Each structure stands twice: as C-alpha cells, then as structure tokens.
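Next come the chains, spelled out residue by residue.
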Amino acid sequence: VYNKKVMDHFMNPRNVGEIENADGIGEAGNPHGDQMKIFLKIRDNRIEDVKFKTFGCAAAIASSSMATEMIKGKTLEEAWELTDEAVAEALEGLPPGKLECSVVSREATHRAINDYRKKQGLEPLEEKT
Amino acid sequence: LVYMDHAATTFIKQEVVETMLPFLKDHFGNPSSLYSIGREGKEAVETAREKLAKALGASPEEIYFTSGGTESDNWAVKGTAFARRKKGKHIITIPIEHHAVLYPCKYLETKGFDVTYLPVDEYGLVDPAELEAAIREDTILISVMYANNEIGTIEPILEIGKVAGEHGVPFHTDAVQAIGNFSLDLKGKDRDVNMLSLSAHKFYGPKGIGALYIREGTEIDSYIHGGAQEKRKRAGTENVAGIAGMGKAIELATANIEKHAEKIRKMRDRLRKGIMEIPHCRLNGHPERRLPGNLNFSFEYIEGESLLLMLDQMGICSSTGSACSSGSLDPSHVLSAIGVPPEIAQGSLRLTLGDANTEEDVDYVLEVLPQVVEKLRAISPFYKPSDVCEK
Amino acid sequence: LVYMDHAATTFIKQEVVETMLPFLKDHFGNPSSLYSIGREGKEAVETAREKLAKALGASPEEIYFTSGGTESDNWAVKGTAFARRKKGKHIITIPIEHHAVLYPCKYLETKGFDVTYLPVDEYGLVDPAELEAAIREDTILISVMYANNEIGTIEPILEIGKVAGEHGVPFHTDAVQAIGNFSLDLKGKDRDVNMLSLSAHKFYGPKGIGALYIREGTEIDSYIHGGAQEKRKRAGTENVAGIAGMGKAIELATANIEKHAEKIRKMRDRLRKGIMEIPHCRLNGHPERRLPGNLNFSFEYIEGESLLLMLDQMGICSSTGSACSSGSLDPSHVLSAIGVPPEIAQGSLRLTLGDANTEEDVDYVLEVLPQVVEKLRAISPFYKPSDVCEK
Ligand SMILES: Cc1ncc(COP(=O)(O)O)c(C=O)c1O
Ligand SMILES: Cc1ncc(COP(=O)(O)O)c(C=O)c1O
Ligand code: FES
Ligand code: FES
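Residue numbers (the numbering used here), protein chains in the order written: chain L, 1418 to 1546; chain E, 307 to 697; chain A, 307 to 697.
Check the hints yourself; a few may be wrong.
Said to hold, decoys possible - In silico DSS-like links for lysine-lysine, alpha-carbon gap of 25 Å or less:
1) K395/E with K690/A
2) K579/A with K412/A
3) K1545/L with K1491/L
4) K412/E with K393/A
Treat the hints as calculated values from the structure; they're not laboratory data. Since we're looking at a predicted model, the values are computed, not measured.
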C-alpha cells in the first residue's frame, strides 16, 4: 500500500517527542479522531528544533515525520509555506484516499507558528485551506 | 510469517488443491453436457454436494452452490424478501451482521421493505425475547448470523430458531465463520434454520465459491437466472474445481471438529492472557461465548492501521476495525454497535488463529506486540505513561 | 477423444493453470487485507483487470469481475432495469439470446417491465431498422448478443450500437461467444456498447469466473451488495486464482486473433463441406456470418440426443438442441425462433471447433458421422431411403 519512503518514516519516525517549554505548540485533528501535536523551539525567527506526536494511520505518522524534517532549521516564513502536496511529494507519493492524512501536519505546523506569534504579541497569520 | 487473520481468509489445504487440479486440467467438461467428458464434472459437483450435506446434517437436494458467502447472503435475504413480498414487508436482523447481509437489507429498504436492526448487548449478543417482541404480523424473514466475524460472538442460534419457528417466520443464518468451529445439524439441533450461508475460503478451501443451504419447502426466488443448473434455482456454468475443492475442504474441516477447536482455543487463550497484561487494553466481544480462534482488542491511544502495519513489518498478519484502514469516516460498524467509543474502536486489533498457527506463533506475538504497542504509544499525543490500566 | 463442443466449454490452457496455481497455494491472502500477504492477490487482480481492458480496448476501471457469463448478463439486464426504472420500463432484446439474458427479462416482466423480443430472420439476424422502429420513449435498455452460442450467427453489433446510441438507449451485448474470435475495441469501433458480458471458460480459462464491462457513466445498480470490492459495485471476496487465470486466458486468446480464427475457420469449412454430403441435412444459422468454429446441422428423421450419445460412444463430443436432451418439451428456443420446425430441430447437432482440434479430428468426424446418421435413420420410422436430399 505504502512506498518504501513512507514505510521508513512510519517505522522510524524522525523528531518524535515533546519539547518542554516549547515556543509554539500546534494541534490539529480530522474527523476520524486522528490527531497531531507539534512543538517548536524557535530562535532568531528560525525553527531550531521541532518534535511531534501523532495518533493516526501510517500516512499520518509518516507525513508528520516528513513535515518536521522539512521545517527544521527553516525560518518561520519558509515554514509557513509548507503544503500538503510538498509533504506528499517528499514522501514520493501517498496512496489515493490518504492524501488528506498529511493535512494535519500542515495545519498543526501553522497553528504552532501562530501560537508563537501570539506569544510574541504578533497578529496570527491566516491559515490557508 | 505468523498468519493470524484466519477470519479474513485461510490458506488452502494441500488435499483440497489436489482435489481441484484434475478439474483445471483433464476433466474440463461442462457438467451440463451429456457426454462422458462432462460427466466427471457432474459427478464431482454431486460428490461435493453430498459432502456438504453430510457436514451440515442436510440433504444434498438442499445445497445450492454460489460464488461465495456474499452471494449466498444476498440470495437468502433478497430472494426471500421478493418471494414473500405479498405476505409482508418486515425483516429482522442485527446491526453487527456482515455487510453482505446489511447492505442487501439497506437495498430492500429502498424497495419499500421495513427492516428492524435489533440492538445487541455490549457483547454483541441478541436477546431472543427481544427478538420475539420485534416480530410483527408482516415479518417475512429473520436473519441473524451464527458467529460474528469481527468480535467472534456466538449468537444464541437455537433459541432464535425456536422463536422464528414458533412464529412461522423463515430464519436465515450467515454461518460463514461457524463452519469448522461448530458441528451443525440441520436435521437435528439446527432444524429451525431455513437458510444458511457458507464460504469455502474460511475453512481452508478456495475463494469465490460458497453455498446456500435452503431447507425444502422454503419460499425463495432465484437470484441468478439462466441455464438449468442447480435445479434451475441458481444458473451459470458451475465452478467445478472450486466446488470439488469446497467439498473436500468441508470434509476435512468437520472431521474431528471438537478436538481441532479445542487446540485452537488453547492457543488462543494463552495468547489472550498474555496480551491482557498490556496496560490500557480491553477485549471486545464476549469473554466466553466467542469463536475459538478469535481475539479482538482495543489498545487505547493507538490507531489500528498503524498497529497492523507495524505488526506486518514484524511478520505478523492481523486485522483492524479502524476507520483509517477502511478509508471510511467511521470505525467498524460492529464495534460501534456494541458501544465501543469511536476513539477506542480506532485502536482495535483482531487476531484470528487457525490451522496455520503453532505455539511458537503465540510466543512470537507475545514478544512483539507489547513492544509495538509501546512504540506507537510513545508517539501518541493522547498517551500519558502515568495512566493506570483499567481492565 | 475428439472434442467438438468448444461453445459449451473449453479446456484450460497450460499457461493459464500455471498462472492460477500460486493463488491456490502460497499467495492465499485476501486482496482486501492491508498487509503484504494480501497484496500479491490484489496485484494479481489488478494485473488481470488490465489484461482484460487491453484485450477489449477498455479502461481497467470499466472491468468488473463476476462469477461468470450468467451473472454478468443478470447484472447488466436487471441492474440497468432497476437503476433506470424511473426513466421507463421498456427493454428490447431478441428471442435467440442465451437464457442468462432471456430469463432475467422474463423475471423483469413479472416486476412490471415490458420486454420486446424482436423477431430475427431465418438466419437469426436482427434487422437494425426494425430495432430502431421498436424503440419507444420509455425504452431503457437494448440487449443483443454479439454472436449466438447455438447457431453461431454474428449480429450486426456496430449498426445496433449506432441505433442505440442515437436514441440514447444503453446497449448491452453478451459477448461470451465472441471473445477470442473477434477483435473488440470498446474505445473504437465498439464504442456504442455500454455493457459487455464475458466468461473465461469459453476462451480457455477456468469456469466460474467472468466479467462485465461497464462503460464509465452507465447507470447501473449493484447486484451483489456487501464488502467494498470492485469499487463497491460487486461485493464478495475475489476468486483470485480464477481472475488471474482469466487475465492470462484473454491475453492468449486475443494475441494473433485473426490467424487463429482463420485456422479454425478452415478446419470448420472442410468439416462443413464433408457433412453437407450427408443426405437430408441442413445447416442452421447463417451460411457466412457465423462464428469461425460453429456448425449446426439438422439431420432429418433423427433425434439429436441419440445422435449425440452415439457420437460420444465413438469418442466425439458434441451438442444438440433436441428437446429430449434437455428434458423439456420443446427443442432449442433458438432453432424455434429462426423457424426450424420442431421435428427437424429435434435432429440438430452442434459441432464447435477450437484449439483442441486438428485436421485429423475433422477426418475422423467425417468418417464416423455419416455412419452414425445412417445407423439411426435405419431405426427411424420416419425415414424412407428413397427421399432425396434437399440442401
Ligand atoms: C460473516 C461473514 N459473512 C459473509 C462473508 C462474505 O463471504 P465471501 O468472502 O465469500 O464473499 C464473510 C467473509 O468475508 C463473513 O465473515
Ligand atoms: C452466449 C452465452 N451467454 C452466456 C453464457 C453463460 O455463461 P456461464 O457459462 O459463464 O454462466 C453462455 C455459456 O453458457 C453463452 O454461450
Ligand atoms: S489518519 Fe486516518 S486515514 Fe490517515
Ligand atoms: S424420447 Fe425420451 S425424451 Fe424424447
């Protein structure tokens, strides 16, 4: 069902865990009851560290892992540009019907960035859909 | 490889394959033909029919071959409904039936029939008294499965049959999961069953072949019309190899059934005991009244498809009722119907033991499963290691 | 043994059996399963779907697996009728269809549908102009077979399709006898066909497996409801071995189709010429527009079942449309519909050539058949040796 890359990120997810006193925390879910929580450590407008926890199918877990890899070390502006398609593409494709499982990673990332902005007294950015 | 998904399908026994082969090779004649080369096929079909009849305690004339359990269920439900339309339009079934019964019922609802989906209890059990209370003047069919494919719960078929019989309502039972696990006796204890579905690939036979038992005198329309096969009740050139294989398979599956079920049950019970040690897990279905090979657990904080795939990576084949695995929004309709909350149903795992298993398999699963559960919980946002186990 | 009953069923080609075997042995997984062992089955099913699509000039998404030609016909006719009931209740078909189309039509008549059985000419041919005249405002389906199984007549499918298309009526064709004899091109010349039935055991594949081609956008109800197989259109665990075998079989049957048909036609023509020398015999069906392997004769003063059995004793497998052979009162509905008088239809013999045959088989039949006919006529009360042949 899943390609090798997806299986690798699923079996050995990168950046699993929580960050104590994270600078930004974001959470997103879908109607299945799937859930992702993301923790950002931010320094000089850059994502210095990122951790996640996900409840969901293999596609959801692999997307979470890939998304965190993709935003790590990026500026917040760069990270904001993360798209579902980019995550799916980096995973070399997801099976039909599993594309939406990457949505939670993008949403959680956006929410974590906004959480950080709020804490900084900045206006939250408008989430894309 | 540890195969623990016997409820999904089974391997085909060697003797069964050997019984099939001649009909894929030399004995290719059409059983409807008059000449000698068709006769071998015809004989194979009739021999298989006798074997099925013997295994079920039925007469050969009451066995009709179909393309599988799904067709048998469709035929029983829709064939009876249409044949008895003039007598009424009410059907009683239960919400934990296989989709092969539920969807035909839904279809009949669009055609003006009334279906009662009688609630079951937290274990999936029907209450025969409630069933009796649900029977109406215009009830034309009761369909209740022998044993459930997901949670393994064994329904009180004898009691249900008695109620149905007393009220003169035809009774169909989907026995797809029961064959090879219980002795059936349609002339004896199971004499209140009017129709019974079975499918070869659940008892070490081939896929795409099944049968419907139809008690003599049962009112039922044909469902597939055409040639004169199956006493004009089910048309179509016979899947001779499949039928021959199913005959052999049922013979093997019903010889020494108690000893076989006991052996599977023992392995299953040891596995169950071991798995119950994992914190935050609960057994779905009835603690005792369940198919000998069936286990169905929910592991809290975990999603089932992930669990299944990680087990697969470790060489263990299993099944889940999670919504993610089916691509639908809702988890298993069976778990919902017995009141398992969606978030817990999401973490369900079905392990079904059978002839492919050994005690070593049990050891291996008991070694691997706790680690995999641990690993998935470690990445779950819901899990707090401090939580206490609630068994 | 000389097998001349390829229209009834064919032997299974060696490569086809070999394609099937792995799915009866190691690769037993359920194609619906998520883990690796089910994936091989899933892939085999999809590979077969692609092979069928390629052979028919269709898209894989338009191929649905069934339990054979009979189910495909039932599904096409009843599934369309029920899906389009609100648009009308009129169906057009022809009286020489296989029972797998005719009996579903008869069944629909009991459910309030109107069926026109458009008469065919003495050769069994439909007149497309007459068909057009029969179309009404409320016509919801036209079903005309590609080629007839008894007399081999090839219907003017392209013209019929055109008429159907112009009037916006869905067109189903039973192509069970056509596969391997004609090139189909559902995206090209056959683009007016909306549904097409086929059955593997007519083209050197296994029995009990078939397919229905359903053009995208065709309105049709599911007929067998249940699991999510076949895009939820045809439920039931797949007959993986059968499907894999059918995929291989259609690939083999459609490679080099012209050359193959030509070879069969040549043998058939020599056999025909030789048989026509027998006095008081007539060829049923069209002299030219017929399936390459088909011959259908009536031998006056002879009863077909006797003829068939005597030939069987001499090692020749054939078929008949005699009433005695079917246990019914009337001889073949096809021969009746083309106007063959009952007493002559009684003496019909169908010989259908195919890959099992050689030129020696033709020699042998030409040696044996005249003697057998002679022998039976010698005991017939109707026969006067002085009668002259009327060819
Ligand atoms: C209880 C039950 N009924 C019906 C079926 C359908 O049978 P088949 O797989 O032969 O279509 C199954 C198996 O999937 C089953 O477990
Ligand atoms: C023209 C035609 N349609 C339908 C069928 C039925 O197909 P099956 O034998 O696969 O049920 C046959 C064969 O008997 C046939 O010749
Ligand atoms: S998270 Fe539920 S389907 Fe992917
Ligand atoms: S003479 Fe025996 S059936 Fe016709």
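Quick rundown of the hints versus the structure:
1. K395/E with K690/A: 63 Å, violated
2. K579/A with K412/A: Outside the cut-off at roughly 39 Å; violated.
3. K1545/L with K1491/L: Satisfied, since the Cα-Cα distance of roughly 19 Å is no more than 25 Å.
4. K412/E with K393/A: 22 Å, holds
When each numbered hint is compared with the structure, violations occur for hints 1 and 2.
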